[in-house]
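**Q** Can you build the whole structure from these sequences, using the hints too?
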Amino acid sequence: IFAAMIAGRATHTPSAAPLTKFRLALPAADGAPAYPSIAPDGRSVAYLMAGSLWIQALGELDPRKFPIEANASRLFWAPDAKHIGYLAGTRIFRTALGGAENQLVCDTRGSISSGGWGATWREDGTIVYSRGDTAGLMVVAAKGGDPHSLLRPDTSETDFHEPWALPGDRGILFASHRKTGGISALCLWTERGRKVLLELPGQTVYTPSYSPTGHVLFRRSPTTPGVWALPFSLDRLEATGEPFIVAPLGVNPTVANDGSLAYIHQTAGGMTEMFWADRSGKALGTIGSPEADASESPALSPDGSSAIRSILTGGNRDLWRFDTHRGTRTRLTFAPGSEDGAVFSPTGDRIAYHASSAAAANAESFRVVTRRADGTGTADTLAFSAAVPRYTPDGSHVIYVALLEGGAHWNLSEVASTPGGTPRVLVEGNPWVNDGRVSPGGDLMAYTSNESGRWEVFLTHYPSCEGKWQVSTEGGQSPHWDAAGRRLYYLEGDRIMEVAVTPGATPGLTTPTLLFTRPPTTPGTFALIPGFQMTLDAQRFLLTRSTGGQHGAQGPTVVQNWLSEFADAKESNAK
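Every letter in the sequence shown is one number past the one before it in my numbering, and letter 143, counting from 1, is 347.
What the hints contain is simulated information worked out from the structure, not anything from laboratory work. From a predicted model like this one, the values you see are computed outputs, not experimental measurements. All the pointers check out, no bait thrown in.
Here are the computed lysine-lysine pairs in the DSSO-like style, where the Cα-Cα straight-line distance is at most 30 angstroms:
| no. | residue 1 | residue 2 |
| --- | --- | --- |
| 1 | K399 | K383 |
| 2 | K269 | K486 |
| 3 | K347 | K269 |
**A** Written as structure tokens, this is what we have:
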């Protein structure tokens, strides 16, 4: 009997790890988590929230907070799980979890407005990253150095998105942004070349990551949106089956070496609402009902009676006009594609906005158009490869961002507000300038530039554009003038700042002061630039916020042994 018992123990096979799902509790901080990243050893999950890096060890009850640079995004782990990298502005940083200071890896000179940003840390001690522009995939030593090109887009592509290194440095997964068709392909680069693993016409694919179960996980939209899995052979470096959905409404999937999956679950379709706030940030009342998939920054008419938001409707992003008193809404645009970034003319009877075709949402497809503010009549094109329009105070011209070199370089230009005008360059980007707003007196123009590695607000004389004075001190975007042209308001992260301006040959500027902090942006909310709106007297501010609970925020979801939930897929992949 004793011998049989010993034999039985020796031949016993442990059962497979059980399927386990749980959601991480968030720290007591105002905000929503973004850019989750699970450590390679599966023991920790990192995310960004309220301007800080938070790391939740799965064996501990509470997350730890780490200081990071402003405007951080796109977390990625080192293979040893002892360091973590992130993007901030146009720069890449790394930090050691033992408490060492943030170390600059390189300045990418990329556009921080691009959705194609991403980075991955290879086992050979290099970081491969994408800027979401024609530079394609770049590589730099993780200890710091000068980047160089790894792979450039071909003639059918505009840029690459969100690279992920395969185990053993066998290749780089990435999403390809087509000139026609959008971000519709999952691709693989190896030393032998590149190949397409999956093409989904009419769909958008994001954030590929490799799972040791033998799958590439990725986010897909708009049809059956969520986290999907593509069966994949690491030995043959090819897809081995059809994709299937893993987590409906999941975004930003990331996988550890033990197969543990972490992602963010989108609640209520990303519902946000518009609301009024006073100069202290106190909410004064909402406008209309919460909207799903609506833009972050609405336009506000000069008299404050109307607001315009872009809302994703039936696969198209269209403009809707809201009555700020009654809350009713009226659809203004119906064309296939995307319309966003609306701004009212000084008289309030016309709007300008940027639009792109349904076939492709790349720099060349963007154009600035104008039409009546009630949506009647036709839309007139003012400029091509253009976005972010702003009327001059007299309404005679529209200042816009000229998207050059496929979006790799931005200028500020202006053109007559009636069709047929010849554009004039106002400010050369180095490499990017944005959001030019002329003062009510017409003698100064505020704009933003990322020449220092992060966005800052500057002033120049208008229309000569001679002279240059920095307004912000710790980063800044979305400048706004009051009606007198004596005060500037702008965003420093989520902080709305105020600066007094004295016009003159050398404008006088006071030290920026904090007015209030707006609610954090909902992760995944579309916005070419972050923003807010305010009445001309600067007494009320029009903002957006997530709805429900702690701004609708939920902690990252973690799933261990995720494939066990899909027995059919597991058996098919094994074959």
